[in-house]
Amino acid sequence: MYLAIYTQKRENPYIVRIYLILPLVGVLALAGLVSFIIYSGIKTSALQAEINILNLRKNEAEVQLTRAAAEISLFKDRLSNLQQHRNIPAAIGENLTLHPDSSIYAVQVSAHRSYQDAERMVRSIRGRISRRVAVQPARIATGLWYRVLVTSFDSQGEAQSYADSLVRQKIIEEYYIQRLPRVSGSADTSAATGPRD
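When we follow this note's numbering, the leftmost residue of the sequence shown carries the number 780, and every step to the right adds one.
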């Protein structure tokens, strides 16, 4: 081959140069192709790593969303239960339609399904307050309930002021002001001292 190149060198020097350049171009092209393949592989690996990280973050976000949804659902259930619990005494202790002169006021601090639970509540607060505490039965659509009442106040403002002081002292957490019929003799005879059917 070199002999042929040498022979042609004398006849046409440009052909010799082409023969020498072609292998060099081929080597450079091959090197470029190999470099491109390596670069593509590295780039693909980097992109795959980024995709894996994004998928991991997506999975973590989905887990957090699921937890948040579960916590929201639990919070809604608790809120619903709390609202039902708060509404029970209100429903039981609806104000009676009475003439102001014929009524007294009481502070309802709780309502219970059983008389024993109501009595326990009475015992827990009786020694801590200066007013009379009594249990009054109330029959409503859901059955018989027992209200724990602090009696007796001549006005709604007086009852509310006293109830607010009990809340400030942390003796009770919530209350409802009830208007009760004034009975001759003792103003507190509307509050029962024992269970009734």
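Hints are computed from structural coordinates only; laboratory data are not their basis. Mixed in with the good hints, there may be bad ones.
Claimed, not checked - Using C-beta positions, here's what the derived DEER-type ranges look like:
1) Q948 to I919: 25 to 33 Å
2) S909 to E841: 30 to 38 Å
3) R905 to S940: 15 to 23 Å
4) S903 to A849: 31 to 39 Å
All C-beta atoms, glycine included, are put in the ideal place defined by N, C-alpha and C.
Structure-based check of all given hints:
no., hint, result
1, Q948 to I919: 25 to 33 Å, "holds, 30 Å"
2, S909 to E841: 30 to 38 Å, "violated, 58 Å"
3, R905 to S940: 15 to 23 Å, "holds, 20 Å"
4, S903 to A849: 31 to 39 Å, "holds, 35 Å"
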